[in-house]
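Chains as they are written, first to last, in our numbering: chain R, -16 to 247; chain Y, 125 to 447.
Take these hints with a grain of salt, some might be off.
As the list claims (entries may be wrong) - Using C-beta positions, here's what the derived DEER-type ranges look like:
| no. | chain 1 | residue 1 | chain 2 | residue 2 | range |
| --- | --- | --- | --- | --- | --- |
| 1 | Y | Arg349 | R | Lys101 | 17 to 23 Å |
| 2 | Y | Leu195 | R | Ser33 | 34 to 40 Å |
| 3 | R | Lys101 | Y | Leu195 | 48 to 54 Å |
| 4 | Y | Leu431 | R | Gly241 | 49 to 55 Å |
| 5 | R | Ile207 | Y | Pro334 | 28 to 34 Å |
| 6 | Y | Val288 | R | Gly34 | 39 to 45 Å |
| 7 | R | Thr11 | Y | Ile426 | 46 to 52 Å |
| 8 | Y | Ala278 | R | Ser33 | 38 to 44 Å |
Unchecked claim - Listing some non-contacts, in silico: residues in chain Y with all C-beta distances to chain R over 10 Å:
| no. | residue |
| --- | --- |
| 9 | Phe191 |
| 10 | Thr225 |
| 11 | Asn358 |
Calculated directly from the structure, the hints in this document are not laboratory data. Positions of the beta carbon are idealized from the N, C-alpha and C atoms, including for glycine.
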Amino acid sequence: MTAAPAATGTAIGMSGVTVRFTSRRSQTTALDDVSLDIEPGEFVTIVGPSGCGKSTLLKIVAGLVTPTSGAVSLLQRPVRGPQKEIGFVFQKAALLEWRGARANILLQAEMRGMDRAKASRRADQLIEMTGLTGFEKALPHELSGGMQQRVALCRALLHSPPVLLMDEPFGALDALTREQMNAELHRIWRETDTTVVLVTHSIAEAVFLGTRVVVMSARPGRIIRTFPVELPAHRDYAQVMSDPRFDRLATDLRGLLGSAAANH
Amino acid sequence: MTENSLDTAGRQAAAKAAGGDPTAASPLASGTPTPAGDQVRSTVAGRPSGVGGRPPRPTLGRRAAAFADSLWRPALVLAVVFAAWWFVAAQEYVPNYLVPTPGQVWETMTGQWSELARHTLVTLYETVLGFVLAAALGLATAVAIAYSRTLDKALYPIVLFAQVIPKIAIAPLLVVWFGLGLTPKIILAVLIAFFPVVISGVAGLRSTDPELLDLAATMGAGPWRTFRKIRFPNALPHLMAGLKVAVTLAVVGAVVGEFVGASEGLGYVLLLANGNLDSALLFADLILMSAIGIVLFVLVEIAEALLIPWHASRRASVSLTTS
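Given these sequences and hints, build the entire structure.
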């Protein structure tokens, strides 16, 4: 269902990316010499202490932030200015208060000038897939946090983007809803060939969802290590949680993150 | 899809609320969500229970009841004031040429109705035209200020400075420039109503969630689409608040314009009645002026209710008045 990116080459490429924010008196380095290549169809999760520039990294890929130095490419094209081939999900659902769930999803189509009938069908399909059926007309304030985030996810997927960027999308949800959303996201990713980059604070989420986990250090953000996740492609939440490989990786990550935080 | 029974229950509860089911609406509209529904929703949804379970859109009947309920208190106060006026005037504690009885005012109003109606229409025309122009100019200025840093720096201080000049003091100058016709009154109404529209418009347009703007950028939408679909609707609640202030100020502008030099309009009649010590006519005139302000204000309120039924301020108004 997704317009597949070229089979060869990277979906996202970053080399030597450094970002400095200069305010009147001080200069902060948000990202320091970050290089990362992501293959099409990968699910890369990024963990790191607060303020390590994880969100900035996503915004660089989206073309919303221009790096101070370094090269960024998306689908083998250099990133200059905001990119359209992506879907973006924030921690806040960021829905339009005055629109119902379905109309919020269709915002994507309206803003892009997509074909109405096609977008409408795709929206129905996504609503069904994420279990929002029956809530098409509900305004955001009438929806629970989990359902709001489902709407945001549908909106990000409406145009079948080859790359999905998610910035702590489930950070504000309770544990139960979060697990459920994790399972749903995993299924959606499996069923499409979308490349996903997900930033999270949760080690469990990072391991359950990722094919690769990238660990970043506190400011200035650097990539400390990258872990491949040796779990089956088709994952079940309960099974993964009791899998010894999950435990081992989670322990490694926790240790690494603990030392990363302690050094700063 | 993975779905547990809790979640299904939550959805049913929310669907009930969203559908405006009258049985669900009665406890919810009073601002206290049903404990069961709230519990389910907060468990599933991870929303703090204080935020979850907002009252749903109430039915028309409930709205009317809430509206009537909100009216009786001010109506009672008005009735008391009216009775006190009647009593004081009828007993002639104050001489009649200073405070006429309601009856005398009524006689004046009905006796000179055709004249008064003509003058009312003149003032109404000036006010409405002034308000509409102020709204259009104010919104355009607000957009310019919100979108352009240069215009922000160039215009905003001038708008603020211009607000400090007492507009009423400009009225004589306007009459000198534009004569005794309707123009100076309309201009004065525009000048006086302009400021709240600009301030509220700028505040509204700047209140857009930056993440929504980032999102719009990745959707490849141009500035016009982003304005039409996101920034403008988002600014409406602020803007409507500004327009409500502006419409009452427009009446002031029109009347003051008429004070300075006019041959028609309620301001002119007021000066005339004042010169003749015709307090009954003065009172009748005042009532008509207030009526213009009230009617226009209510019209803006209705426009607001139609334009932003989704906004928290409108949802809250129902639950507050029924408590």
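Results for each hint:
Taking 17 to 23 Å as the suggested C-beta distance range, the pair Arg349 (chain Y) and Lys101 (chain R) conforms, at roughly 19 Å. One distance hint, 34 to 40 Å for the beta-carbon pair Leu195 (chain Y) and Ser33 (chain R), is violated here, with the actual separation near 52 Å. Under the hint 48 to 54 Å, the C-beta atoms of Lys101 (chain R) and Leu195 (chain Y), about 50 Å apart, fit the expected range. Checked against the hint of 49 to 55 Å, the C-beta distance between Leu431 (chain Y) and Gly241 (chain R) comes to roughly 53 Å, which is consistent with it.
In this structure the hint that Ile207 (chain R) and Pro334 (chain Y) lie 28 to 34 Å apart at CB holds, the actual value being about 30 Å. Distance hint for Val288 (chain Y) and Gly34 (chain R): a CB-CB separation of about 43 Å, consistent with the stated range 39 to 45 Å. Distance hint check for Thr11 (chain R) and Ile426 (chain Y): the Cβ-Cβ separation is about 50 Å, which falls inside the suggested range of 46 to 52 Å. Range check, Ala278 (chain Y) to Ser33 (chain R): about 40 Å between beta-carbon atoms, so the 38 to 44 Å window is met.
Non-interface call for Phe191 (chain Y) relative to chain R: holds, since the shortest CB-CB distance, roughly 22 Å, exceeds 10 Å. Residue-level check passed: Thr225 (chain Y) sits 50 Å from the nearest beta carbon of chain R, beyond 10 Å. With a least CB separation of 8 Å from chain R, Asn358 (chain Y) falls inside the 10 Å interface cut-off, contrary to its annotation.
In this structure, the earlier hints numbered 2, 11 are contradicted, and the remaining ones agree with it.
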